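Novice: Sequence:
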Amino acid sequence: MEDDLFVLRRYSDNSPFSFNAISDPSVTTEQMEALIDAIVDGLFSVCATLGVVPIIRCQKDNAAEQVAVVS
Numbered sequence: 001m002e003d004d005l006f007v008l009r010r011y012s013d014n015s016p017f018s019f020n021a022i023s024d025p026s027v028t029t030e031q032m033e034a035l036i037d038a039i040v041d042g043l044f045s046v047c048a049t050l051g052v053v054p055i056i057r058c059q060k061d062n063a064a065e066q067v068a069v070v071s
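Taking the UniProt record's numbering, the leading residue of the sequence shown gets 1, the next gets one more, and so forth.
By construction, these hints were calculated from the structure, which means they are not laboratory data.
Just so it is clear, the structure is predicted and the values come from calculations on it, not from any experiment.
Worth double-checking, as some hints may not be accurate.
Said to hold, decoys possible - Beta-carbon label-pair distances, calculated as ranges:
1. Ser26 <-> Leu50: 34 to 42 Å
2. Arg10 <-> Gln31: 14 to 22 Å
3. Val53 <-> Pro25: 31 to 39 Å
4. Glu2 <-> Glu30: 17 to 25 Å
5. Arg57 <-> Asn20: 17 to 25 Å
6. Ser15 <-> Glu65: 28 to 36 Å
7. Ser26 <-> Gly51: 37 to 45 Å
8. Glu2 <-> Thr29: 29 to 37 Å
9. Leu5 <-> Arg57: 16 to 24 Å
10. Val69 <-> Asp3: 27 to 35 Å
Just so it is clear, CB atoms sit at the ideal spot from N, CA and C, and this is done for glycine as well.
Input sequences plus hints: build the corresponding full structure.
Specialist: Encoded structure:
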C-alpha cells in the first residue's frame, strides 16, 4: 500500500458513499448533498491533521466540482 493512502469510509456493498452512489442518476438532491457533505468533512479532517491547504482539481458540472466548491 501507499504510505499516503487514506480511506474516508470503509467499503460495503450497500454503502451510500461510493463511486456508484455518486454516479447514480436516481440519487436525490438530499442524498447527494449528504454524500458531498460527508466527503468534504472527511477531506477537511485529513487536511487539518496534515496541516496542509489542498489544491483540488476536478471536472466541471458533476459531484466532484461540488466537493471542490464546498471545500
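Novice: Evaluate each hint against the coordinates.
Specialist: These are the hints, each one checked on the structure:
no.	hint	verdict
1	Ser26 <-> Leu50: 34 to 42 Å	36 Å, holds
2	Arg10 <-> Gln31: 14 to 22 Å	19 Å, holds
3	Val53 <-> Pro25: 31 to 39 Å	34 Å, holds
4	Glu2 <-> Glu30: 17 to 25 Å	34 Å, violated
5	Arg57 <-> Asn20: 17 to 25 Å	22 Å, holds
6	Ser15 <-> Glu65: 28 to 36 Å	22 Å, violated
7	Ser26 <-> Gly51: 37 to 45 Å	39 Å, holds
8	Glu2 <-> Thr29: 29 to 37 Å	34 Å, holds
9	Leu5 <-> Arg57: 16 to 24 Å	19 Å, holds
10	Val69 <-> Asp3: 27 to 35 Å	29 Å, holds
Against the hints set out earlier in the document, violations occur for numbers 4, 6.
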